[in-house]
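Residue numbers (full-length UniProt numbering), protein chains in the order written: chain A, 1 to 324; chain B, 1 to 432.
Hints may be right or wrong, so weigh each one.
Within a straight-line C-alpha distance of at most 25 Å, the following computed PhoX-like cross-link-like pairs (lysine-lysine) qualify [what the hints assert, rightly or not]:
1. K320(B) x K395(B)
2. K128(B) x K320(B)
3. K288(A) x K395(B)
4. K343(B) x K290(B)
5. K414(B) x K259(B)
6. K44(B) x K323(B)
7. K288(A) x K401(B)
8. K273(B) x K169(B)
9. K169(B) x K290(B)
10. K290(B) x K364(B)
11. K288(A) x K320(B)
12. K117(B) x K288(A)
13. K288(A) x K432(B)
14. K288(A) x K426(B)
15. K364(B) x K338(B)
Just so you know, these hints were derived from the structure itself, not from any lab.
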Amino acid sequence: MATRAPERLAEVPPGKPAGHHRRAVRRHLVHQLDVKGSPYAYVAPFFLLFAAFGLFPLAYTAWVSLHEWTLLADEQPFVGLENFRTLLADDYFWNATFNTLSIGVLSTVPQLLLAIWLAHLLNRPLRAQTLFRVTLLLPNVTSVVAVVVIFSQLFGRDFGMINWMLSWFGADAVPWNEGVASSHVAISIMIMWRWTGYNALIFLAAMQAVPRELYEAATIDGASEFTQLRRITIPMIKPTIVFVVITSTIGAMQVLAEPLLFGVYTLTGGVDRQYQTLALFIYENFVKLDFGYASAISWMMFVFIVVIAGVNYLITRRSRGGLL
Amino acid sequence: MGMPRPRFLAPMIAAVALTVSVTACGGGGTEASGQAGPGAPAEKIKLTVALFSDFHYAPLYEEFKKTHPNVEIVERRAQFNDHHTNLITQLTTGAGAADVVAVEGGYVGAFTPSPEKFYNLKDYGLDKRQSEYLDWKWQLGVSNDGSSLMGLGTDVGGLAMCYRPDLFKKAGLPTDREEVSALWPTWDQYVETGKKFVAAGVEGAKFTDGPGEHFRAMVEQAPVGYYDEQYNIIAGSNPEVRKAYDMGVRMVNEGLSAKLAAFTPPWNTGIAKGTFATMVCPAWKTGTIKDQNPGEGAWDIAAVPGGGGNQGGTHLMLPKQGKHPKEAAELIDLLTSKESQIKLFKEASALPSLPALYDDPAVKDFVNPYFGNAPIGKIFTDAAKALKPQKVGPKAGDLLKAFGDALQRVEQGKQNPEEAWAQALKDVGRIK
Numbered sequence: 001m002a003t004r005a006p007e008r009l010a011e012v013p014p015g016k017p018a019g020h021h022r023r024a025v026r027r028h029l030v031h032q033l034d035v036k037g038s039p040y041a042y043v044a045p046f047f048l049l050f051a052a053f054g055l056f057p058l059a060y061t062a063w064v065s066l067h068e069w070t071l072l073a074d075e076q077p078f079v080g081l082e083n084f085r086t087l088l089a090d091d092y093f094w095n096a097t098f099n100t101l102s103i104g105v106l107s108t109v110p111q112l113l114l115a116i117w118l119a120h121l122l123n124r125p126l127r128a129q130t131l132f133r134v135t136l137l138l139p140n141v142t143s144v145v146a147v148v149v150i151f152s153q154l155f156g157r158d159f160g161m162i163n164w165m166l167s168w169f170g171a172d173a174v175p176w177n178e179g180v181a182s183s184h185v186a187i188s189i190m191i192m193w194r195w196t197g198y199n200a201l202i203f204l205a206a207m208q209a210v211p212r213e214l215y216e217a218a219t220i221d222g223a224s225e226f227t228q229l230r231r232i233t234i235p236m237i238k239p240t241i242v243f244v245v246i247t248s249t250i251g252a253m254q255v256l257a258e259p260l261l262f263g264v265y266t267l268t269g270g271v272d273r274q275y276q277t278l279a280l281f282i283y284e285n286f287v288k289l290d291f292g293y294a295s296a297i298s299w300m301m302f303v304f305i306v307v308i309a310g311v312n313y314l315i316t317r318r319s320r321g322g323l324l
Numbered sequence: 001m002g003m004p005r006p007r008f009l010a011p012m013i014a015a016v017a018l019t020v021s022v023t024a025c026g027g028g029g030t031e032a033s034g035q036a037g038p039g040a041p042a043e044k045i046k047l048t049v050a051l052f053s054d055f056h057y058a059p060l061y062e063e064f065k066k067t068h069p070n071v072e073i074v075e076r077r078a079q080f081n082d083h084h085t086n087l088i089t090q091l092t093t094g095a096g097a098a099d100v101v102a103v104e105g106g107y108v109g110a111f112t113p114s115p116e117k118f119y120n121l122k123d124y125g126l127d128k129r130q131s132e133y134l135d136w137k138w139q140l141g142v143s144n145d146g147s148s149l150m151g152l153g154t155d156v157g158g159l160a161m162c163y164r165p166d167l168f169k170k171a172g173l174p175t176d177r178e179e180v181s182a183l184w185p186t187w188d189q190y191v192e193t194g195k196k197f198v199a200a201g202v203e204g205a206k207f208t209d210g211p212g213e214h215f216r217a218m219v220e221q222a223p224v225g226y227y228d229e230q231y232n233i234i235a236g237s238n239p240e241v242r243k244a245y246d247m248g249v250r251m252v253n254e255g256l257s258a259k260l261a262a263f264t265p266p267w268n269t270g271i272a273k274g275t276f277a278t279m280v281c282p283a284w285k286t287g288t289i290k291d292q293n294p295g296e297g298a299w300d301i302a303a304v305p306g307g308g309g310n311q312g313g314t315h316l317m318l319p320k321q322g323k324h325p326k327e328a329a330e331l332i333d334l335l336t337s338k339e340s341q342i343k344l345f346k347e348a349s350a351l352p353s354l355p356a357l358y359d360d361p362a363v364k365d366f367v368n369p370y371f372g373n374a375p376i377g378k379i380f381t382d383a384a385k386a387l388k389p390q391k392v393g394p395k396a397g398d399l400l401k402a403f404g405d406a407l408q409r410v411e412q413g414k415q416n417p418e419e420a421w422a423q424a425l426k427d428v429g430r431i432k
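Whenever a hint applies, use it, and build me the whole structure from the sequences.
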């Protein structure tokens, strides 16, 4: 802006009084500043907060991860990439990574399919539409702690409702939180309970923007309901699907409360770390006040999230070249 | 910029002069009060006391104020874990710690390696109290290098074995607490009793909750536990630890365990419904049992195998951040005195740490009707008296978890005892 001002000065016709001229220039500058500068001022609060609570912690975590940094020691010696080297050779880290991916896939894939199906069911003239939509959101407004506590009781070995129901079919009591697969299934169900309805509402909003003529035409051509869903709805709401897949992926990578509180408060995610996720692994080291190592895990997790979200983006974007 | 004009200069000089004189006054004042002898009007001071629950200290504060009218006492409380992690943060960041802090037995070892962060109570003449105390309780409050007395003990958590007379009766075992105690002077005999219980085939009930707490009690009874005299971790090589682990494995293999980890919701249900017949019981666990409402007389209390034991109990310490160590030391001297401890036993059932009080009728004859009129004063103090001192290091809790998890992995059939032991040693190796 400043570099352009002199050019404009030259355009001012000669013969005008100097004072008037200077005022005009000033007004012009203020106007320019208003038009070009004020949008930045309007968005500044977000970026200032983001810098203080998002960017700075990110950078500082990277700095801490390069040190042997525990709260109890007076010195924090610089160790370079030593923490990362230890981490990559740490069985418990890879165990946590496997658990996170396993729980992520088990919870996200059925969750999104179910959400699309629910949204599809609701995307038609229904009685008491608002009631159904609000009901979808209810599990999401429940506190995660309450959800985990209740589900832990449902999944109880001796007195849990699910084992009681399984016993009708002659099944033995399943110790849900002891096994790898059983605990992952139980935790995935808790996550699905909380997020399916929420995602269904997002899909529903997108579906309502799909022109109804497409469905009418398809109906006339004799396309079945399922074909319509597959050939019209899903291609039309693809941008929303990409968005939901990415947010769900990030959410799944960060699962903490469910494994922390499942059955009993446990930093290790069970006696054999059978359901310790990456976020819980970070928390375990944080509680040990080993901030250097915890920061290194955080950065590895960040890298994983970027990679997995990127892969998901590519997959969802390329699949089904539809109407758009 | 030129020279400041005179009309600004005058007030500035005045301000500087005032600041200097006030500072001088402040310095002089502090010195004067520091040297104030008896008879001089004492300076008003405030002592903060940080606790993790209601210790029922209010009447004792009033008593203290009678001799120290210039002292105001403010108590603050936080939840158990928060209280201790807050204290670690306050000590490392150098601000915010109270004048007097309560530190529970499980955490004392985390602070005793750092005597520089606390006042040495010997400097305030409190080492004269040593002869009154249970030896192991006193030693817990001494710094690892032995140079400093860091804390004075308040209460102890004597150990017993809680059992269900109804299930014992079904199994054809004695139900009277004296006879039950006589069944298991040692842990081996405890396991043998368990085998008889299993053989009797009591419907819907196991002999005990799980091996974890038994393992803990057995290690703590040994002369040396997870740490050696120099506070090196020797958990992996100490035969006492392995012995306790093997006993836990035997309990699992003989089918004694209900496979319930302590303090989980199903464990709570088990207490109420009687799905197991015995559990290791520190004094404060009687409250936990009562909270589950199993009914009056459902549980009774016998002696713990292996001769005595303790879990929990607290020390009072004075962080160096405090400004009034002399008054604070006088306060904790009063809070832990014989008279105070007997009052606190009557008021809050806090078991005294001074053996002279164990013959006091108020302690000796105290019975609890909820536990079949068990003489809990006597049972728990006998256990506390019998315990030998052991070096407790900073990571005792993490070490216990490593072995407790190993026993549970065996119990859940995930690993055989040797694999679980190997993994426990690996976990121990990670503890820094």
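Pair hint K364(B) and K338(B), alpha-carbon separation not exceeding 25 Å = Holds, because 15 Å separates the two Cα atoms, which is no more than 25 Å.
Take the C-alpha atoms of K414(B) and K259(B), compute the straight-line distance between them, and say whether it is at most 25 Å.
-> Distance ~13 Å between K414(B) and K259(B) Cα, so the pair holds.
Given pair status - K320(B), K288(A), alpha carbons within 25 Å = This hinted pair holds, its Cα atoms lying about 24 Å apart.
Does K395(B) lie within 25 Å of K320(B) when you go C-alpha to C-alpha?
-> Holds. K320(B) to K395(B) sits at ~23 Å (cutoff 25 Å).
For the pair we were handed, K290(B) and K364(B), check the Cα-Cα distance against 25 Å.
-> Status holds; Cα separation ~22 Å.
Given pair status - K290(B), K169(B), alpha carbons within 25 Å | Distance ~21 Å between K169(B) and K290(B) Cα, so the pair holds.
Quickly compare the C-alpha distance for K273(B) and K169(B) to 25 Å and report which way the hint goes.
-> holds (16 Å)
Can the restraint linking K288(A) and K401(B) be considered satisfied, given a maximum Cα separation of 25 Å?
-> holds (13 Å)
Are the Cα atoms of K44(B) and K323(B) separated by 25 Å or less?
-> holds (12 Å)
Given pair status - K395(B), K288(A), alpha carbons within 25 Å = At roughly 10 Å apart (the allowed maximum being 25 Å), K395(B) and K288(A) satisfy the hint.
Pair hint outcome, K288(A) versus K426(B) [Cα-Cα no greater than 25 Å] | holds (17 Å)
Does K320(B) lie within 25 Å of K128(B) when you go C-alpha to C-alpha?
-> holds (21 Å)
The structure meets every hint from the earlier list without exception.
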